[in-house]
Amino acid sequence: MSEDRAEMSEDGGESSSPSSATKPRGCDVSGGGDYLSPSADQVLDNVLDNVLLFLTSRRDRNAASLVSKSWWRAEALTREELFIGNCYAVSPRRVTERFRRVRAVTLKGKPRFADFNLMPPNWGAHFAPWVAAMGHRYRALEKLCLKRMRVKDEDLELLARSFPCFKELVLVCCDGFGTSGLAMVASKCRQLRVLDLTEDDVIDDEVDWISCFPEGETSLESLIFDCVDCLIDFEALEQLVTRSPSLKKLRLNRYVNIGQLYRLMIQAPQLTHLGTGSFSPSEIVAQGDQEPDYVSAFAACRSLVCLSGFREITSDYLPAIYPVCANLTSLNFSYANISAEQLIPVIRHCHKLQILWVLDSVCDEGLHAVAATCKDLRELRVFPVDAREDGEAPVSDVGLLAISEGCSKLQSILYFCQRMTNAAVIAMSKNCPDIVVFRLCIMGRHQPDHITDEPMDEGFGAIVKNCKKLTRLAVSGLLTDRAFSYIGQYGKLVRTLSVAFAGNSDMGLKYVLEGCPRLQKLEIRDSPFGDSALHSGLHHYYNMRFLWMSSCKLTRQGCKEIAQRLPRLVVEVINGSEEDEMEDDFFDVLYMYRSLEGPRADAPRFVTIL
Amino acid sequence: MSPPLVHDYIGLSEASSSSDKTSSSSSSTEDEKNKSSIDLNLKETELRLGLPGSKSPERQAGLGLSLFGNDLEDKPSSGFKSFVSGAKRGFSDAIDGSGKWVFSGSDGSEADLGKSSGNLFSPRSGKNGLMESSSTQPSSCLAGPSVREVVPPPKPVQEKKIPVSTANQHGSAPAAKAQVVGWPPIRSFRKNTMATNSTKNVDHYGKSGSGCLYVKVSMDGAPYLRKVDLKTYSNYMELSSALEKMFSCFTIGQCSSQGLPGRDGLSESHLMDLLNGSEYVLTYEDKDGDWMLVGDVPWEMFSNSCKRLRIMKGSDAIGLAPRAMEKCKNRN
Numbered sequence: 001m002s003e004d005r006a007e008m009s010e011d012g013g014e015s016s017s018p019s020s021a022t023k024p025r026g027c028d029v030s031g032g033g034d035y036l037s038p039s040a041d042q043v044l045d046n047v048l049d050n051v052l053l054f055l056t057s058r059r060d061r062n063a064a065s066l067v068s069k070s071w072w073r074a075e076a077l078t079r080e081e082l083f084i085g086n087c088y089a090v091s092p093r094r095v096t097e098r099f100r101r102v103r104a105v106t107l108k109g110k111p112r113f114a115d116f117n118l119m120p121p122n123w124g125a126h127f128a129p130w131v132a133a134m135g136h137r138y139r140a141l142e143k144l145c146l147k148r149m150r151v152k153d154e155d156l157e158l159l160a161r162s163f164p165c166f167k168e169l170v171l172v173c174c175d176g177f178g179t180s181g182l183a184m185v186a187s188k189c190r191q192l193r194v195l196d197l198t199e200d201d202v203i204d205d206e207v208d209w210i211s212c213f214p215e216g217e218t219s220l221e222s223l224i225f226d227c228v229d230c231l232i233d234f235e236a237l238e239q240l241v242t243r244s245p246s247l248k249k250l251r252l253n254r255y256v257n258i259g260q261l262y263r264l265m266i267q268a269p270q271l272t273h274l275g276t277g278s279f280s281p282s283e284i285v286a287q288g289d290q291e292p293d294y295v296s297a298f299a300a301c302r303s304l305v306c307l308s309g310f311r312e313i314t315s316d317y318l319p320a321i322y323p324v325c326a327n328l329t330s331l332n333f334s335y336a337n338i339s340a341e342q343l344i345p346v347i348r349h350c351h352k353l354q355i356l357w358v359l360d361s362v363c364d365e366g367l368h369a370v371a372a373t374c375k376d377l378r379e380l381r382v383f384p385v386d387a388r389e390d391g392e393a394p395v396s397d398v399g400l401l402a403i404s405e406g407c408s409k410l411q412s413i414l415y416f417c418q419r420m421t422n423a424a425v426i427a428m429s430k431n432c433p434d435i436v437v438f439r440l441c442i443m444g445r446h447q448p449d450h451i452t453d454e455p456m457d458e459g460f461g462a463i464v465k466n467c468k469k470l471t472r473l474a475v476s477g478l479l480t481d482r483a484f485s486y487i488g489q490y491g492k493l494v495r496t497l498s499v500a501f502a503g504n505s506d507m508g509l510k511y512v513l514e515g516c517p518r519l520q521k522l523e524i525r526d527s528p529f530g531d532s533a534l535h536s537g538l539h540h541y542y543n544m545r546f547l548w549m550s551s552c553k554l555t556r557q558g559c560k561e562i563a564q565r566l567p568r569l570v571v572e573v574i575n576g577s578e579e580d581e582m583e584d585d586f587f588d589v590l591y592m593y594r595s596l597e598g599p600r601a602d603a604p605r606f607v608t609i610l
Numbered sequence: 001m002s003p004p005l006v007h008d009y010i011g012l013s014e015a016s017s018s019s020d021k022t023s024s025s026s027s028s029t030e031d032e033k034n035k036s037s038i039d040l041n042l043k044e045t046e047l048r049l050g051l052p053g054s055k056s057p058e059r060q061a062g063l064g065l066s067l068f069g070n071d072l073e074d075k076p077s078s079g080f081k082s083f084v085s086g087a088k089r090g091f092s093d094a095i096d097g098s099g100k101w102v103f104s105g106s107d108g109s110e111a112d113l114g115k116s117s118g119n120l121f122s123p124r125s126g127k128n129g130l131m132e133s134s135s136t137q138p139s140s141c142l143a144g145p146s147v148r149e150v151v152p153p154p155k156p157v158q159e160k161k162i163p164v165s166t167a168n169q170h171g172s173a174p175a176a177k178a179q180v181v182g183w184p185p186i187r188s189f190r191k192n193t194m195a196t197n198s199t200k201n202v203d204h205y206g207k208s209g210s211g212c213l214y215v216k217v218s219m220d221g222a223p224y225l226r227k228v229d230l231k232t233y234s235n236y237m238e239l240s241s242a243l244e245k246m247f248s249c250f251t252i253g254q255c256s257s258q259g260l261p262g263r264d265g266l267s268e269s270h271l272m273d274l275l276n277g278s279e280y281v282l283t284y285e286d287k288d289g290d291w292m293l294v295g296d297v298p299w300e301m302f303s304n305s306c307k308r309l310r311i312m313k314g315s316d317a318i319g320l321a322p323r324a325m326e327k328c329k330n331r332n
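Chains A and P supply the protein sequences, listed in that same order. Reminder that position 508 of the first sequence reads as 508 in UniProt numbering, one-by-one numbering, no gaps. Reminder that position 163 of the second sequence reads as 163 in UniProt numbering, one-by-one numbering, no gaps.
In isolation and in its complexed conformation, chain A is listed as follows (with noise of 0.2 angstroms):
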C-alpha cells in the first residue's frame, strides 16, 4: 500500500489514460489491415517503464502507480527505493509480491512513544519476517535502513548471508541484537560501505566483532557505533581504519579515549564526519608527560565538517578541535557537559555552523554566544543535563530569544527548559519564519509563562499562525483547547503533532482533527481528551500513519466504536496490569493506525486488538 495515499489523492490532477495516449508519432499505420501495429499500450509501458526510472520521489511514485493499472504495473517494476512507515501497515508478502526490483528498504517500526516507555517492550516490529521474505525475493537489495524495529541476531545472520550486494546497513533505535550479529555483518558482507547504528540497544556478547572484518582493503565509507557500549579491541580498529581508504565517516564509542582517537585520526586524515569517542585520556596525564600533537592532527584533517562524541570529555583537550571549526557545518556536544565559558572559546570560531546540538550547561550566556557567531544555524537542540520536572535547568526564554534574534535562517529547534514565556516564543515565530520543526519541552507539567503566568496557549498559537512552513510541532506547559484551536486554525501544513499534559476538553482534540489536514501522525499522553473527541477524527483516521493517546479518557467501547466504522484501521489498546482486564473502562494505551493486513498475528498478551 502506498504511504500518504491521501496526500497523493489531493495532488491527483489530469492523466491522459492509456488509451487516449498518442500513437507513436510516425507509427505508419495505414495500409494492410494485417499489420499489428504494437498496441498503444505496449508502447506505453515501454516508455513509462523508461520514465518512470526517473521519478524518485515515492510521492510521485504514488502518484503515478494510482494513474491505471498499467502505469500501477511499470511503477511497481521500477521501484527500488522502498519506504514503509509502519511494518505494520502492509505485509512483508504484500510488499514483496508488488515491488519486485527493490534495492533499498527503509522500514519503521514502533511508535515514538514507546523510546519514552510508555508501553512495554515486546510490543512487536520484528524484523525477522521481513528479512525472511526480503532474502527471498530481493536478493539485489543493497541497503537497509530500520528504525525502532527487533532485531536480532538471527536476522542480521541472514541478511548476511542473503544478499551478495549489501552494502548499507543503517539501524536507529534499535533492539534485539548484539556484538554476535554484528560480527555477522561485518565479516560476510564483503561490500558493506556504511554500517551505522545510532541510539540502538545492543547487547554485549563479548564478540569482538570489529576483528570480523574480512582482511584486505574494505569498502568501507562510513562506520558508526558510537552506541555500541562494548569495549573493542582497538588494534583491531586501527587496523580496520589503515584499510579503509574509502572512510569518511567514523563515530567512536566511548572507550576510545584521545590517545586512540589520535592515531586513527592520523591515519585517516580524509574525514568529514568524526565522532571522537570518550575525548579524555585513559590516565592520569601528568604535568609535562609528552601528549600526542592533537591540533595538528585536527588541522590534518581539512575535510571534517561534521563533530560529535566528547563523551566523557576532559574539557582541557578542547581547544585541540579550534582548527576545524570554521569548516564544520554539525557540531555535536550534546553529551559533553561543558559551561558556558568553555563553549564559547569554541563556537566563536564556527561560522559555518548548521546544525548545533549541546547541553543546556552552557546556559542562557552560551546560546547568546551562539547566536552572535551562527547566523548560519538550521537546527538547534538544547538537552537537559538534569532531565527531571523539577531540576535546575540554566536554559530559559532568555537564551531562545537570543537564538531566534541571531539566527533568522533556524528551520529546526527542540528545546528543553524550566522557564518560558510566550513573549520568548513570539518573538521566535516572527524572527525566525523558515521554521519547519517546533518543538518546545517544558519540562514542569503545567507550567505557565513564569512571568505573566498566562497559559503558553499564545506563544505556540503564534507559531502555528507566523511559521506557515510548519511541519512538525511538540507543545508543553500549560495549554488550554485554545491552544488547539490556534492548531486548528493555522496548522495547515503540520504533519506530526505531540501533545502531553495540555487541554482542558473534547474540544481540544476535536480542533485538531478537524482542522489539519495534512496531519499523520499524532501523538497524545496525559490530556483529557475522551471519546467524544476521537470520533471527531473518523474522517481522517484513513490519512494517518498513526494515533497514539496514552493515559487520557478514552474509554474502550469508544474505541470499539472506532474499529467498528473503520474496518481497516487497527486499533490497539494496550492495558495497564496484565492481571486485571479492566478496573474501570480506562486503560492506558491506544495506538491505532491503517493498514491493508487486519490485526497482525504477533501481538503480546497486553495488547488487545479491538
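Bear in mind the hints are in silico, worked out from the structure with no lab data behind them. Check the hints yourself; a few may be wrong.
Straight-line Cα separation of at most 20 angstroms, EDC-like style, residue types lysine to aspartate or glutamate; simulated pairs [unchecked claim]: (1) A:Lys249 x A:Glu80; (2) P:Lys307 x A:Asp205; (3) P:Lys307 x A:Asp208.
Following the hints, position chain P against chain A.
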C-alpha cells in the same frame, strides 16, 4: 523463583512497606482530591500511567548498571528477558510474575539509595495506572533521596483511589518530586549516558585513570554479561547486593539476604557467607591476571585492582582462597 520478599535487601518485607504506604498515602490522596477540584486541568480524571504488572521494585540505578540498560530489579519470571533488554526497556523492569506491585517506595527504597550515590531513581508505580511515580531516568546530578511523598500540589496528576505514596505533582513541593514515566521525553540511552558522565565528571579526571571503574561481571551459566561501576559502591555489601539483584534470575536458591541492618563495612568473610549459601562464589581478576575470591582484601584495595568479576560455582572456586590470602600478605 521465590517471591519478592527475598529480594528486599533492606530487610523490609513487602507487607510492611505496603502498610506504611497505605496510611501515609491515603491522606495525601484525600488532599489531592480536594485540590483537584480547584484545578483547571481535569487531572482528577487523569488516568493511570502505571506500567503493566509492575511490581515497582526499587530501582537500583547504580550508574554502571543503568548505563548498560540492565534490569536492576529482580524479575524472577522474566528470565532472559531482563538481560536482553536495554536501557530503553523501562517496562521490563517492572514486569514481575507475581504481579504484585509495591508503591513508589519513598520510605523503603530510600535505603537503597545509599548504594548508588548520586542517582535519582524513582521506583515504579504499581498497576492500575498508579501514580506515574516511576521514572526510568537516573538523574545525573543528584545525590540524595529521589522520590518523596509530595505535598499535594494544586494540580494532581491522578485521582487514584489506590493508595499512592508519591504523586507526580508539579508545583511548590519542597521535596523533590516523583518523576512521571517517560517525562521529560528523553531516551534512556541519553539518560544513561549522562548519568555515567556525571559520575566521571564528579570524580574529576585525575582519579578516573587509576583503578577500574567499569568491570564486567559474568556468571557461570548466564547467557550475558553485565557491567558494574565499582565506584558506585563503597563496600562489599553493596556490591554483593547489587550483583545478587542482577543475577537473581539465575541463582539457585536464595542466599541469605535477610539483609544486614545498615552495616557499613562488611567483613570479608561475611560476603562469602552470603554467596556461599547460594552455591556461587564471587571472584575477581586482579591487575596481575590472577583470580581471587572477593572479600579477602580491604575494599579500596579490591576496587583498585579488580579488572573483572566472575560469579562462579562454589565447587570451582575451592582453590582460590588460600592464594588470595597469601598474595595479600605478600603485598603487604
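Exercise for review: Hint by hint, work out which the structure violates, then give me just those numbers in ascending order.
Suggested key: Per hint list: single violation, 1.
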